[in-house]
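Peer 1: Sequence:
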Amino acid sequence: MTDSFDDKWLDVLAGRDVADDTPVAREARALRAAVLAQQHVSTADMEPSPAMNREQRVRALLARARETGVLPQARRATRLWWGAAAAGMVALAITVPWLMRAPGESPPVVRTADEDVVRLRAPDPRALKQQVLVELREAGISPAGYEAFGRQGIDAELPQPVPEAVRAVLAKHRIPVPKDSILRIEIEAAAPQ
610 MTDSFDDKWL
620 DVLAGRDVAD
630 DTPVAREARA
640 LRAAVLAQQH
650 VSTADMEPSP
660 AMNREQRVRA
670 LLARARETGV
680 LPQARRATRL
690 WWGAAAAGMV
700 ALAITVPWLM
710 RAPGESPPVV
720 RTADEDVVRL
730 RAPDPRALKQ
740 QVLVELREAG
750 ISPAGYEAFG
760 RQGIDAELPQ
770 PVPEAVRAVL
780 AKHRIPVPKD
790 SILRIEIEAA
800 APQ
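Numbering of the sequence shown is given in this note's numbering, commencing with residue 610 and proceeding in unit increments.
These are computed hints drawn from the structure, not numbers from a lab.
Keep in mind that the hints are not guaranteed to be accurate.
[What the hints assert, rightly or not] Label pairs and their computed distance ranges (CB to CB):
{"id": "1", "residue 1": "693", "residue 2": "643", "range": "45 to 51 Å"}
{"id": "2", "residue 1": "648", "residue 2": "625", "range": "14 to 20 Å"}
{"id": "3", "residue 1": "739", "residue 2": "786", "range": "20 to 26 Å"}
{"id": "4", "residue 1": "785", "residue 2": "760", "range": "16 to 22 Å"}
{"id": "5", "residue 1": "788", "residue 2": "691", "range": "26 to 32 Å"}
{"id": "6", "residue 1": "692", "residue 2": "768", "range": "52 to 58 Å"}
{"id": "7", "residue 1": "791", "residue 2": "739", "range": "55 to 61 Å"}
{"id": "8", "residue 1": "674", "residue 2": "625", "range": "49 to 55 Å"}
{"id": "9", "residue 1": "785", "residue 2": "739", "range": "17 to 23 Å"}
{"id": "10", "residue 1": "642", "residue 2": "697", "range": "55 to 61 Å"}
{"id": "11", "residue 1": "625", "residue 2": "666", "range": "48 to 54 Å"}
{"id": "12", "residue 1": "671", "residue 2": "707", "range": "56 to 62 Å"}
Don't be surprised by glycine CBs; every beta carbon is placed ideally from N, CA and C.
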């Protein structure tokens, strides 16, 4: 093809009227008609049909609006970034307080059944229990007496610091002052001699 054929071909393809019936002009007209027909078919395919449900129509409308620039393009990377940032903040909110706790804090004390229980032996455990209960009440404490598995027992919560009257009662019966505020005593029957 020469430059004049190329110019005619491009003019016909561009839609300019060229009064020429050469094979080059016919070919350009046929190509233009095919391109225009394809363009009309593509836009017809984009139109939502009445059979489409509402969600499909909305998605098609949003896609068309993004293609034309009416709406900004969806940014999945931005959404993922915000999700990762939120997950990181939650992790920090959990981890930082745990790391910032004072080093001197000890874990909570979990008591077992035999921990810090003072065991006494007496010829009459029930009488000794009643005597200690009365003396602790007179010293201003509210002890609880019980009997379990054949043993007499006393439980009491002591104020801190332990008052002198309570210390005197405990010393009278050779009961050590507990390290914490919980007093637990179990009294068993003494073996006969």
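Peer 1: Now, for every hint given, state plainly whether the structure supports it.
Peer 2: Results for each hint:
1. 693 - 643: 45 to 51 Å: 49 Å, holds
2. 648 - 625: 14 to 20 Å: 18 Å, holds
3. 739 - 786: 20 to 26 Å: 22 Å, holds
4. 785 - 760: 16 to 22 Å: With a Cβ separation near 19 Å, residue 785 and residue 760 satisfy 16 to 22 Å, so the hint holds.
5. 788 - 691: 26 to 32 Å: 53 Å, violated
6. 692 - 768: 52 to 58 Å: For residue 692 and residue 768 the Cβ distance comes to about 53 Å; the hint holds.
7. 791 - 739: 55 to 61 Å: Taking Cβ atoms as reference, residue 791 and residue 739 lie about 21 Å apart, which means the hint is violated.
8. 674 - 625: 49 to 55 Å: 34 Å, violated
9. 785 - 739: 17 to 23 Å: Since residue 785 and residue 739 have Cβ atoms about 21 Å apart, the given range 17 to 23 Å holds.
10. 642 - 697: 55 to 61 Å: The hinted range 55 to 61 Å holds for residue 642 and residue 697, with Cβ atoms some 59 Å apart.
11. 625 - 666: 48 to 54 Å: At roughly 39 Å between Cβ atoms, residue 666 and residue 625 fall outside 48 to 54 Å, so the hint is violated.
12. 671 - 707: 56 to 62 Å: 44 Å, violated
Comparing the model with each numbered hint stated earlier shows that hints 5, 7, 8, 11 and 12 do not hold.
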